[in-house]
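Q: Next come the chains, spelled out residue by residue.
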Amino acid sequence: MFSIKEIFKDSIGVLLFASALSLIAGLFLRNVENDLIIVLPLIIVLPALNDMIGDFGIIVTSRFTTALYEKKVNNIHSHIVKHLFGEVMPVAIFCAAYISVVAILIAHFRGFSFDSSILIKIILITLITTISLVLFVFLVSIVGGLYVYKKKMDPDDVLIPITTSIADLLSIGVFSLLVSILF
Amino acid sequence: MKILGKRVIDKDFKEIFTSEFFSVTGGLLAGIFLLVLVNKLELIPGLFILLPGFLEMHGNIFGSLAARLGALLHTKHIKPKFEHNKILYINIFSSILLLIIVSLFLGVFSYILNKVLFGNDNPILILIAIIAAFIALVIELPLTIFTTFWFFKNGYDPDDIMGPYITTIGDIVSIFSLLIVMLVVI
Numbered sequence: 001m002f003s004i005k006e007i008f009k010d011s012i013g014v015l016l017f018a019s020a021l022s023l024i025a026g027l028f029l030r031n032v033e034n035d036l037i038i039v040l041p042l043i044i045v046l047p048a049l050n051d052m053i054g055d056f057g058i059i060v061t062s063r064f065t066t067a068l069y070e071k072k073v074n075n076i077h078s079h080i081v082k083h084l085f086g087e088v089m090p091v092a093i094f095c096a097a098y099i100s101v102v103a104i105l106i107a108h109f110r111g112f113s114f115d116s117s118i119l120i121k122i123i124l125i126t127l128i129t130t131i132s133l134v135l136f137v138f139l140v141s142i143v144g145g146l147y148v149y150k151k152k153m154d155p156d157d158v159l160i161p162i163t164t165s166i167a168d169l170l171s172i173g174v175f176s177l178l179v180s181i182l183f
Numbered sequence: 184m185k186i187l188g189k190r191v192i193d194k195d196f197k198e199i200f201t202s203e204f205f206s207v208t209g210g211l212l213a214g215i216f217l218l219v220l221v222n223k224l225e226l227i228p229g230l231f232i233l234l235p236g237f238l239e240m241h242g243n244i245f246g247s248l249a250a251r252l253g254a255l256l257h258t259k260h261i262k263p264k265f266e267h268n269k270i271l272y273i274n275i276f277s278s279i280l281l282l283i284i285v286s287l288f289l290g291v292f293s294y295i296l297n298k299v300l301f302g303n304d305n306p307i308l309i310l311i312a313i314i315a316a317f318i319a320l321v322i323e324l325p326l327t328i329f330t331t332f333w334f335f336k337n338g339y340d341p342d343d344i345m346g347p348y349i350t351t352i353g354d355i356v357s358i359f360s361l362l363i364v365m366l367v368v369i
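Same order as they appear, the protein sequences are chains S and F.
All letters in the first sequence, in the order written, are residues 1 to 183 by the working numbering.
All letters in the second sequence, in the order written, are residues 184 to 369 by the working numbering.
In short, the hints are calculated from the structure, not lab data.
Treat the hints loosely; a few may be bogus.
Restraint-style ranges between C-beta atoms, simulated for each label pair [what the hints assert, rightly or not]:
#1 F:366 to S:75: 33 to 41 Å
#2 S:4 to F:329: 19 to 27 Å
#3 S:4 to F:307: 25 to 33 Å
#4 F:219 to S:85: 33 to 41 Å
#5 S:115 to F:259: 51 to 59 Å
The model shown is predicted, which means the values in this text are computed figures rather than measured ones.
For each residue, glycine too, the CB sits at the ideal point set by N, CA and C.
With the rest of the complex left out, here is chain S (with noise of 0.2 Å):
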């Protein structure tokens, strides 16, 4: 972080593979606009779920990136793991929920008629698809991190493009499978 060749060579090629990731994302959104344009709270949810997901992997990678460099922690077992991983999975179930009403009140209120069954479905879509991507993004955070860091690169600079990225992909990618095993 502190030339710009330092930083252009941290970040180009992963920025470069995460847009690359990015663009199969788009690929499959294009296949799913269908199925969101007829559930309408699915196509509410999706820019919140996305968002939600890469933002765990920010604050974790960045926090977890200031410990390495304080120099608190050295391992996947530390107690500032844990102690992240407990602050971080409660606030992801509670926004998952969140989302998921709220998209359903604004659909309904432009119109979009639901029964319990599709508000059941639209939680355990949002919920199921945070829980395993924000446990998978946590997981690339912390060995990504600790692999990184060993390498005399900053953490920063290389995994929150990638565990946004794959964050993007994979929400995308398992939001749609639920949408067309459940819907």
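Dock chain F against chain S, hints included.
A: Showing chain F alone in chain S's frame:
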């Protein structure tokens, strides 16, 4: 609050919860705009391919910038104010350079994928990606720097807050910048 005898609600938890609540609420707002935009997006074939990468690019580049600034503030390499500082300039210029290259990459490959897979020859996608990225850059770069400094100065940890903040603002600003460019192009 204690769960299994351990204190779980501390300052970091509150910061993560608050910032994430703000973020998902902003995400829902972006979802409503997306709902409005769906019909307009169909007017430019291939824009759905560009959309996730375009939204994510801002989170990636400015999220990394905020995280680097957070680490520089914590390690006292920079002060939380905009002043002549070579390290700060290096980080700003690097972010601009990365944004130009990545938006060009996204535009070119969206165009190629759209042409090869869907048979739509629509080079305007490249122009949309670059111009919309510049519009978003003008708004997001100062926002990222000043809010990182503001949170740090006011006793908050930017690491907890800036990620969700940047991705949310990034989504909303990106959708708006795309809308502006589309209004000009169409």
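Q: Hint by hint, say whether it matches the structure.
A: Hints and how they fare:
1. F:366 to S:75: 33 to 41 Å: violated (53 Å)
2. S:4 to F:329: 19 to 27 Å: holds (22 Å)
3. S:4 to F:307: 25 to 33 Å: holds (31 Å)
4. F:219 to S:85: 33 to 41 Å: Since residue 219 of chain F and residue 85 of chain S have Cβ atoms about 37 Å apart, the given range 33 to 41 Å holds.
5. S:115 to F:259: 51 to 59 Å: holds (58 Å)
When the structure is compared with the earlier hints, a violation turns up for hint 1 alone.
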